[in-house]
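S.K.: Just need the whole structure built from these sequences, with the hints factored in.
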Amino acid sequence: QKEVEQDPGPLSVPEGAIVSLNCTYSNSAFQYFMWYRQYSRKGPELLMYTYSSGNKEDGRFTAQVDKSSKYISLFIRDSQPSDSATYLCAMSENDMRFGAGTRLTVKP
Amino acid sequence: DAGITQSPRHKVTETGTPVTLRCHQTENHRYMYWYRQDPGHGLRLIHYSYGVKDTDKGEVSDGYSVSRSKTEDFLLTLESATSSQTSVYFCAISQDRGLNYGYTFGSGTRLTVV
Numbered sequence: 376q377k378e379v380e381q382d383p384g385p386l387s388v389p390e391g392a393i394v395s396l397n398c399t400y401s402n403s404a405f406q407y408f409m410w411y412r413q414y415s416r417k418g419p420e421l422l423m424y425t426y427s428s429g430n431k432e433d434g435r436f437t438a439q440v441d442k443s444s445k446y447i448s449l450f451i452r453d454s455q456p457s458d459s460a461t462y463l464c465a466m467s468e469n470d471m472r473f474g475a476g477t478r479l480t481v482k483p
Numbered sequence: 203d204a205g206i207t208q209s210p211r212h213k214v215t216e217t218g219t220p221v222t223l224r225c226h227q228t229e230n231h232r233y234m235y236w237y238r239q240d241p242g243h244g245l246r247l248i249h250y251s252y253g254v255k256d257t258d259k260g261e262v263s264d265g266y267s268v269s270r271s272k273t274e275d276f277l278l279t280l281e282s283a284t285s286s287q288t289s290v291y292f293c294a295i296s297q298d299r300g301l302n303y304g305y306t307f308g309s310g311t312r313l314t315v316v
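Chains as they are written, first to last, in the working numbering: chain L, 376 to 483; chain D, 203 to 316.
Hints may contain errors.
As the list claims (entries may be wrong) - To give an idea of the interface, some chain D residues facing chain L are shown, with a C-beta separation under 7 Å as derived from the structure:
1. Gly-300
2. Phe-307
3. Gly-308
4. Ser-309
As the list claims (entries may be wrong) - Here are the simulated DMTMM-like cross-link-like pairs (lysine to aspartate or glutamate), alpha carbons at most 25 Å apart as the crow flies:
5. D/Lys-259 with L/Asp-458
6. D/Lys-255 with D/Asp-275
7. L/Lys-431 with L/Asp-458
8. D/Lys-272 with D/Asp-258
9. D/Lys-259 with L/Glu-468
10. D/Lys-259 with L/Glu-378
11. L/Lys-417 with D/Glu-261
12. L/Lys-445 with D/Asp-258
13. L/Lys-431 with L/Glu-380
14. D/Lys-213 with L/Glu-420
15. L/Lys-482 with L/Asp-441
I should point out that these hints are in silico values taken from the structure, not numbers from a laboratory.
The beta-carbon is built from N, C-alpha and C at its ideal position, and this holds for glycine as well.
M.R.: Written as structure tokens, this is what we have:
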């Protein structure tokens, strides 16, 4: 079993939809949780960062961490074609662990 | 990708030849990392550095070596390239092991071993 599990998709939604992306993990020591966005043929870029449990909102993006369930989510409201990318979750206690990424396409 | 550049961007090499990839940063960050990204595996850590001449292995370090003689440069060498090392390689930098500020990634090097 991988430490971090992420459904690779692909996920295709119409413009304006609410998108939910998720990861599960097995290491209860993880304290730092992140989401990266990666456009095709580019490096990942940090999108959201959360420490421990709870929610964090930044514009159309909301990150949630449920440590009791070992489950993290990223919600995208009013999705846009420019949100089409691969989204990677990442988490860490000392060493960063990445999910395999979910490929998202938002269709106009 | 501000402050971090990788070279070359693309390379095709033959099996058995040595290959060196370069990562250069202008951010003066202490930590530098080399990852490979493959379908179904995501990002896997090869080696990382926590200072000049200070390096350590990651989860997939076999067949790779690294060197950091200056703060700004981190080199990844494939000692004798194999087809299983065909991948996209990303360099990343961070201030504090990425715990509070995450990583900044380069644009990647696409390596093909034939």
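S.K.: Hint by hint, say whether it matches the structure.
M.R.: Okay, the hints, checked on the actual structure:
1. Proximity of D/Gly-300 to chain L holds as hinted, the smallest CB-CB distance being about 5 Å (cut-off 7 Å).
2. Evaluation of the D/Phe-307 hint against chain L yields a held restraint, the C-beta minimum of about 3 Å falling below 7 Å.
3. For the restraint placing D/Gly-308 at the interface with chain L, the shortest Cβ-Cβ distance is roughly 5 Å, inside the 7 Å limit, so the hint holds.
4. A hinted interface residue such as D/Ser-309 counts as satisfied when its beta carbon comes closer than 7 Å to some beta carbon of chain L; here the least separation is about 5 Å, so the hint holds.
5. As the CA atoms of D/Lys-259 and L/Asp-458 are separated by approximately 34 Å, the hinted pair breaks the 25 Å bound.
6. In summary, the hint linking D/Lys-255 to D/Asp-275 is supported, as the alpha carbons are separated by about 11 Å, within the 25 Å threshold.
7. With a C-alpha separation of about 19 Å, the suggested pairing of L/Lys-431 with L/Asp-458 holds against the 25 Å cut-off.
8. Only pairs whose Cα atoms come within 25 Å are accepted, and D/Lys-272 paired with D/Asp-258 is accepted, the gap being roughly 16 Å.
9. With a C-alpha separation of about 17 Å, the suggested pair D/Lys-259 and L/Glu-468 falls inside the 25 Å cut-off, and the hint holds.
10. Between D/Lys-259 and L/Glu-378 the alpha-carbon distance is near 18 Å, which keeps this suggested pair within the 25 Å criterion.
11. For a cut-off of 25 Å, the pair hint linking L/Lys-417 to D/Glu-261 stands: about 23 Å separates their Cα positions.
12. The suggested pairing of L/Lys-445 with D/Asp-258 is violated, with an alpha-carbon distance near 29 Å, which exceeds 25 Å.
13. Between L/Lys-431 and L/Glu-380, the direct Cα distance comes to roughly 21 Å. Compliance with the 25 Å bound is thereby established for this hinted pair.
14. Taking the CA atoms of D/Lys-213 and L/Glu-420, the gap is near 23 Å; set against the 25 Å cutoff, the hint holds.
15. With a CA separation close to 30 Å, the supplied pair L/Lys-482 and L/Asp-441 exceeds the 25 Å bound.
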